[in-house]
Amino acid sequence: MKQRMTLNKRKAGCFCVQPVNANGQNPVRGKNSQAFCVVAGTTSDSMGGGTSKQGAASTIEPRSVREPANAGGNELPKPPKAIKDVKLYISSFKDEALELSHASGSDFTGTLTKHKLAVLKQIPPEIFVLCHLKELNVSANDIHVLDPAIANLEALTKLDISQNHLSELPDALCELPNLTSLIVSENELVSLPKTIGNLKALTQIIAFKNGITTLPDSIDGCIALEEINFYNNKLTELGPGFFKLANLVELNIAGNALTQLDPIPNLVRLKRCAAYFNRLRSFPDLNHCKELTQVQLYRNQIKELPDLSNLPSLTEVDVNTNLLRQIPESLCTGNANMRMLNLRKNRLVELPSCIGHLTSLEILNLGGNAISSPVPDSIAQLPALVSFLFDDSNLTVLPLALLGLHALVRVDVGRRIDKSDATTTKVMAQLEAICVANRGWLKET
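With the UniProt record's numbering, letter number 139 in the sequence shown gets 139, and the count goes up by one each step, no holes.
Relax, there's no trap hidden among the hints.
Each computed DSS-like pair below joins lysine-lysine, with the alpha-carbon atoms no more than 25 Å apart:
1. Lys303 / Lys234
2. Lys194 / Lys244
3. Lys200 / Lys244
4. Lys345 / Lys443
5. Lys121 / Lys209
6. Lys271 / Lys290
7. Lys234 / Lys209
8. Lys345 / Lys303
9. Lys271 / Lys209
Don't read these hints as lab results, they were simulated from the structure. Just so it is clear, the structure is predicted and the values come from calculations on it, not from any experiment.
Could you build all of it, start to finish, from the sequences and the hints given here?
Pasting the structure below:
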């Protein structure tokens, strides 16, 4: 039976481990219960759930855990060699945790929590002898160098070393044949290892908030990659091999200094594409990405939308704050499931009649454009529309077709509405009634 063990602090420098079931109760009591605790860097054993001389509460822990191991100034128990799956959380937060589980004899999972201990300066050397170790989390510490001995952990599948002070990653990291998840966000990295392509099992790279400027050409060797997050780095280009990653599902390259991208015909499994806060003047066509659900290209310098036609899974397109002059008909073709379209702060001068093809649309934001032509009657074909924003535009009249939109909650028609127009006055009054009935509002801003 799997047991979960939780280590809590009872006195300064004293910790106890007690097995608990899914309900948080302690099912293990009796004469054969073995206790183990660490007091100021020493160990003590007691039988039957007794208390140590130093006042530590009794604990339950395998007898193989005996000797203290120094971890950056912290005295922690030496992990048993039988461990196959370890999650090590040691950080500067008030409550941190060390999770241990192994399948040697009786199967158990242990969670050890430490309070207000010094942060790690390095990964404890004792960790590198755990040849069956699968998961290691040393996030939010003060680690400046990742020991090349990390290569000894051949069974490792997940490494989280985020929120440290790493300026580089050793090539030895790329010798881990089973690594599937690499989380190195919020460090001081300027590059990735040139041999990163050796990580054939890697499915996830999370490296946001670093200073990475370029990516190694070998990254196309990471053929299993499904998720890439390079948000908020200093990338100016991605390299020719980047878009050969045919298994990519989620791509986040937002917050960089990219100006252009190569065509991406191989990304047929892509579901989410985030490239906002760059300097992109254009973006590759995405109409071959049939599983695409979200496209976020806002705050760039894009003058023309990529081909987004015939994407049945597409629900969100956000291209606000760009340089678009028109809405292409391709955007309205075959995208009947789109729910949100944000075209705010572009240079649009009209809303095309094809907008009526987006029959599932709930949010339409056209504020901050120069649209002065009348809203097309096809707007009536959007029965699910909840938010219709035309603020800071040149719109002067409103069509009767808007009165068929009974789901409206938020409407902003801008400040240039001609209230001398009888139809417009009637439409505004009834639109406001619809919005108020739906607990919303109508504004003129």
